[in-house]
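Chemist: Chain by chain, the residues run as shown.
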Amino acid sequence: MVVAVDHEASGLSSSEYERKLAEFEARINRGEKIEPADWMPETYRKQLIRLIHVHANSEICGALPEGKWIPRAPTFKRKLALLAKVQDEVGHAQLLYRATETLGPTREQLVEDLISGRSKFSNVFHYPAETWADVAIIAWLIDGAAIVNQVMMSEGSYGPYARALKRICYEEAFHLKHGYEMCCVLARGTKVQRAMLQDALDRWWAPIMMFHGPSDKVSTHTELLVRWRIKLKTNDEQRQQFLRQFVPKMHDLKLKVPDPSLRFDKKSQQWLYDDPDWEEFKRVVCGGGPVTAERLEARRLAHVDGLWVREAMVAAAQNRPIPMPSPN
Amino acid sequence: MTDTQWPVYEVFHQQARGEPHMHVGSIHAPDADMALILGKEQYCRRQACVNIWVVPHEAIHATAYENDDIFIRGTDKSYRESWGYQTPKTVRATDGGTADDG
Ligand SMILES: [Fe+2]
Ligand SMILES: [Fe+2]
Chain A
323 MVVAVDHEAS GLSSSEYERK LAEFEARINR GEKIEPADWM PETYRKQLIR
373 LIHVHANSEI CGALPEGKWI PRAPTFKRKL ALLAKVQDEV GHAQLLYRAT
423 ETLGPTREQL VEDLISGRSK FSNVFHYPAE TWADVAIIAW LIDGAAIVNQ
473 VMMSEGSYGP YARALKRICY EEAFHLKHGY EMCCVLARGT KVQRAMLQDA
523 LDRWWAPIMM FHGPSDKVST HTELLVRWRI KLKTNDEQRQ QFLRQFVPKM
573 HDLKLKVPDP SLRFDKKSQQ WLYDDPDWEE FKRVVCGGGP VTAERLEARR
623 LAHVDGLWVR EAMVAAAQNR PIPMPSPN
Chain B
13 MTDTQWPVYE VFHQQARGEP HMHVGSIHAP DADMALILGK EQYCRRQACV
63 NIWVVPHEAI HATAYENDDI FIRGTDKSYR ESWGYQTPKT VRATDGGTAD
113 DG
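As you go down the protein sequences, you meet chains A and B in turn. Counting from 1, position 99 in the first sequence corresponds to residue 421 in the numbering used here; the numbering is continuous, with no gaps. Counting from 1, position 41 in the second sequence corresponds to residue 53 in the numbering used here; the numbering is continuous, with no gaps.
Since the hints were derived computationally from the structure, they do not count as laboratory data. Heads up, some of the hints might be wrong.
Straight-line Cα separation of at most 27 Å, DSSO-like style, residue types lysine-lysine; simulated pairs [what the hints assert, rightly or not]:
1. B:Lys52 <-> A:Lys390
2. A:Lys399 <-> A:Lys555
3. A:Lys488 <-> B:Lys101
4. A:Lys399 <-> B:Lys52
5. A:Lys401 <-> A:Lys555
6. A:Lys571 <-> A:Lys588
7. A:Lys355 <-> A:Lys588
8. A:Lys401 <-> B:Lys89
9. A:Lys539 <-> A:Lys604
10. A:Lys499 <-> B:Lys52
11. A:Lys499 <-> A:Lys399
12. A:Lys513 <-> A:Lys368
13. A:Lys604 <-> A:Lys513
14. A:Lys499 <-> A:Lys571
15. A:Lys589 <-> A:Lys604
Just a few of them, taken from the derived set where beta-carbon distance is under 7 Å, the chain A residues facing chain B [what the hints assert, rightly or not]:
16. Arg420
17. Ala634
18. Met635
19. Val636
20. Ala639
Label pairs and their in silico Cβ distance ranges [to be verified]:
21. B:Gln26 <-> A:Gly628: 27 to 35 Å
22. B:Gln26 <-> A:Thr428: 29 to 37 Å
23. A:Glu503 <-> B:Ser90: 27 to 35 Å
24. B:Ala74 <-> A:Val548: 27 to 35 Å
All C-beta atoms, glycine included, are put in the ideal place defined by N, C-alpha and C.
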């Protein structure tokens with residue numbers, strides 16, 4: 323059905339379309355990268371735009387809860403690390419918006435679609451970071467979950483996205499290590515610090531379990547995405563990989579995972595868990611999260627407040643007098 | 013032209029003096045000076061870098077992948093390589109006569 327719709331949009335005769343599609347899929351099967359100027363089915367282009375755009379939005383929105391903690395960081399070293407991490411995340415957004423642009427949309431459109439709520443961002447950034455331990459849990463487990471996804475995607479078929487992800491993954495290694503160090507410090511700290519860390523995990527567990535998206539049983543278009551190497555693993559496979567990697571470490575830190583049914587099943591070699599509330603997931607990513615409105619407002623304000631800077635940069639480029647910000 | 017799409021600059025970085033510049037990605041900027049600043053912020057936050065180039069995207073001309081057959085070596089090019097020539101380990105020259113250049 324997808325192919326039929328694409329064929330109509332392509333303006334090609336159906337035999338010509340079939341030939342191009344077969345050639346495109348053969349290239350992907352050979353492990354070649356698809357580049358912006360290459361022929362691609364409309365559905366491939368649309369799915370990639372949607373995916374990379376959401377990814378870029380998530381990097382920007384992910385910087386917001388952490389950015390809030392920069393002035394409140396407990397030590398100077400933590401402040402430096404958090405500043406660097408937040409700068410990296412915003413840089414990741416820039417790389418990913420660039421990759422999205424190679425498929426058609428302009429930067430302005432992409433920014434506008436986020437601010438107006440027309441495009442989505444990751445479920446986990448619709449929740450508030452309430453304590454310093456949240457910063458530690460986010461950097462360790464959410465960056466950890468994101469790395470599972472990004473390492474996989476960096477082997478994907480679209481050249482500009484794969485190349486951006488290679489750079490991103492290199493920087494994520496620092497986020498993850500710093501996050502784990504913060505969690506170790508809190509886990510081996512005072513009673514209050516341990517309680518803070520456990521409380522943060524209790525609140526973040528469900529959003530983290532939803533991070534890789536709906537279960538394969540209900541997830542739409544996974545099969546096509548895997549065939550075209552837009553995705554290399556299903557949502558459930560990514561979640562299993564995350565659990566394999568992180569649950570033993572949580573146990574080492576004597577953290578209690580707030581899911582009584584979580585256990586490793588030797589027979590299937592899988593972690594078994596209680597399915598998170600997928601209705602909540604849908605509601606949250608569609609704009610109904612606890613701090614969705616706050617995130618979008620912060621992004622809008624940054625865009626509006628930054629206008630005079632962009633105007634000044636243009637004026638300087640044209641050798642015109644540089645305007646100063648208006649006082650309101 | 014407030015807030016319209018700025019031109020794209022391709023960014024190349026050099027990891028040490030004497031090394032070649034390598035393409036690392038691209039950014040939007042209103043002019044080349046600003047592109048240098050933003051290019052540095054985006055691509056030189058931690059790895060070694062001693063110099064960057066920014067080039068307007070339109071200035072780059074590329075071959076088309078559909079024409080990649082222009083790179084296929086149709087004939088034996090070993091005559092362009094050092095390994096295309098064999099010489100004995102020890103050489104004793106003859107003392108002239110009517111030598112053929114083999
Ligand atoms: Fe990131
Ligand atoms: Fe990160």
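Chemist: For this structure, which hints from the list above don't hold up?
Modeler: 2, 3, 5, 7, 8, 12, 13, 15, 17 and 23
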